[in-house]
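A.B. asks: From first to last, the protein sequence lines are chains A and B.
All residue numbers in the first sequence are consecutive under the numbering used here, ending with 312.
All residue numbers in the second sequence are consecutive under the numbering used here, ending with 312.
Derived by calculation from the structure, the hints in this document are not laboratory data.
Beta carbons: idealized from backbone N, C-alpha and C, even for Gly.
Just so you know, not all the hints are guaranteed correct.
[What the hints assert, rightly or not] With a Cα cut of at most 27 Å, we get these calculated DSSO-like pairs of lysine-lysine:
1) K268/A with K166/A
2) K186/A with K239/B
3) K284/A with K186/B
4) K284/B with K194/A
5) K186/B with K239/A
6) K268/A with K78/B
[Said to hold, decoys possible] Residues from chain A that face chain B, not an exhaustive set, calculated with beta carbons under 7 Å:
7) E71
8) H207
9) G208
Number of protein chains: 2
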Amino acid sequence: MSILAVGSIAFDSIATPAGRVENALGGSATYFSLSASYFTDVRVVAVVGEDFTAEHENILRKRKIDTRGIGGQYMENLNEAKTDFTELNVFEKFQPRIPKEYLDSKVLFLGNIHPSLQAAVRLEMDGIALTGGDTMNFWIQGSRQELGETLKLVNILLINDGEAKMLAGGEKNLLRAANKVLAMGPQALVIKHGEYGATIFFREGAFGIGSHPFRAPALPIDEVKDPTGAGDSFAGGFMGYIASQGEVNREVIKRALFYGGVMGSYAVEKFGTERLQSLTREEIDARFEIFRELTHLD
Amino acid sequence: MSILAVGSIAFDSIATPAGRVENALGGSATYFSLSASYFTDVRVVAVVGEDFTAEHENILRKRKIDTRGIGGQYMENLNEAKTDFTELNVFEKFQPRIPKEYLDSKVLFLGNIHPSLQAAVRLEMDGIALTGGDTMNFWIQGSRQELGETLKLVNILLINDGEAKMLAGGEKNLLRAANKVLAMGPQALVIKHGEYGATIFFREGAFGIGSHPFRAPALPIDEVKDPTGAGDSFAGGFMGYIASQGEVNREVIKRALFYGGVMGSYAVEKFGTERLQSLTREEIDARFEIFRELTHLD
Chain A
15 MSILAVGSIA FDSIATPAGR VENALGGSAT YFSLSASYFT DVRVVAVVGE
65 DFTAEHENIL RKRKIDTRGI GGQYMENLNE AKTDFTELNV FEKFQPRIPK
115 EYLDSKVLFL GNIHPSLQAA VRLEMDGIAL TGGDTMNFWI QGSRQELGET
165 LKLVNILLIN DGEAKMLAGG EKNLLRAANK VLAMGPQALV IKHGEYGATI
215 FFREGAFGIG SHPFRAPALP IDEVKDPTGA GDSFAGGFMG YIASQGEVNR
265 EVIKRALFYG GVMGSYAVEK FGTERLQSLT REEIDARFEI FRELTHLD
Chain B
15 MSILAVGSIA FDSIATPAGR VENALGGSAT YFSLSASYFT DVRVVAVVGE
65 DFTAEHENIL RKRKIDTRGI GGQYMENLNE AKTDFTELNV FEKFQPRIPK
115 EYLDSKVLFL GNIHPSLQAA VRLEMDGIAL TGGDTMNFWI QGSRQELGET
165 LKLVNILLIN DGEAKMLAGG EKNLLRAANK VLAMGPQALV IKHGEYGATI
215 FFREGAFGIG SHPFRAPALP IDEVKDPTGA GDSFAGGFMG YIASQGEVNR
265 EVIKRALFYG GVMGSYAVEK FGTERLQSLT REEIDARFEI FRELTHLD
């Protein structure tokens, strides 16, 4: 089942203790799409400027990602806390253009862009069976009402610990924070814990699979070169695997959570999208097994 | 196989958002012993003052803990960062008194007291096959050399993320920090991640079980009433289960890590040692199964 990804495409200048790169292709739609492309067909909708060249497009095309929905205006990277948010006005004017070839998509991922844009895309798509979504502190603080509307359209929300607690009004207990977020609309909530893995919480009866949470570990790795895009890569593995299975059940969700962790762990091993461009499914499944062993009781 | 626990017995005054208690029986030896008593016979060595009454001793005796090694001088609680460390001199003078009935112990746990005292106890015991140990920031910063000597006597060290990174000289990467700590002596290192569970790292070939780490989750719980003693309770479940099995292999270690998490999660549900006094093995095994399900892929 193919997946439609909406989000940002941007150029990141990254400096970490391990080094630096300038103007690397980044943005939530880029990381998500590259990651998900190892599991299923991916279509992208994103707005870009003239800086986005054929060379950049080729990075996505080499992974057989459908790029017909990329176009329009230049967009600054919104994933970074350091973003100059005066640039956000670009979104107010931007109407996502969804190619008609995309309209039969069944699985949708709403990457981290303005919640009203996320909602607009979802509402334009009639045949969607499952919507995943992301958000961040900036929208939680600044666009609370719009985010509230969008959350009602999202089946599975993927955010990190800090975002979950903030979205739950400062609730410090993770389980209680999760329950408050689930009451806002999503049937399931994936909370990402960075190097400690991720936990999925369910609304009672969601997807017909009960309400017990499930937790997948992350691999303790030797060197984190660059954490940029880890969350979007996690989401790409998680949603990509679900889309590839064509149905949502407890076992699929559990494996998806492991694949999310695998893709996040690969993403941080090199700068920018470098590692995500050159993976093989064999490498992915080998790490899946390592993750499984890491926490498996006979 | 019985286990000998050495550590502090103290009286804690605890205040958390959920309430407060005054002069509750606490200390590393108390939490460890109560927790381990659900798995195997426990013997305690600790120094106490006149404040330690028959009523306190009965809390331990009800769990069939051998208290003949409790006596001597009053000792302030050293587990709290707020401890007045001028009191630490009591340790310099204190020579642990180990009843001769304890001398056939095979498994030893060195709770969080001065590293020189930990070493002294270990060196007095000839028949020990496995030594677990704990430490904390105060000793890492202030008694580095003594701690270094003690680490050579410890087979399995149990500390938290912050302590591991500090002990490794400020190394921020968890895997590299673990490898640096393992190079100091222990064959295995358990790093406790609080609500995210715990990971065990091995020296190459330790216990003949290879060097792949293993991670056990923790249960996301609704209300943490009082985190005091969670680490010692974890250690009690971990070491107690290993002692009950009489041998160390990969499967035993993995299950021990889960039992550690189970006991830690029970400890925080009520104030002080209250929950640890009233558990049943059935409740413990039921939560073990929940933890297993939490992260188990079919």
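A.B. asks: Each hint: holds or not?
C.D. replies: Here is what the structure says about each hint:
no.: 1; hint: K268/A with K166/A; in the structure: holds, 23 Å
no.: 2; hint: K186/A with K239/B; in the structure: holds, 13 Å
no.: 3; hint: K284/A with K186/B; in the structure: holds, 18 Å
no.: 4; hint: K284/B with K194/A; in the structure: holds, 24 Å
no.: 5; hint: K186/B with K239/A; in the structure: holds, 13 Å
no.: 6; hint: K268/A with K78/B; in the structure: violated, 42 Å
no.: 7; hint: E71; in the structure: violated, 35 Å
no.: 8; hint: H207; in the structure: holds, 6 Å
no.: 9; hint: G208; in the structure: violated, 9 Å
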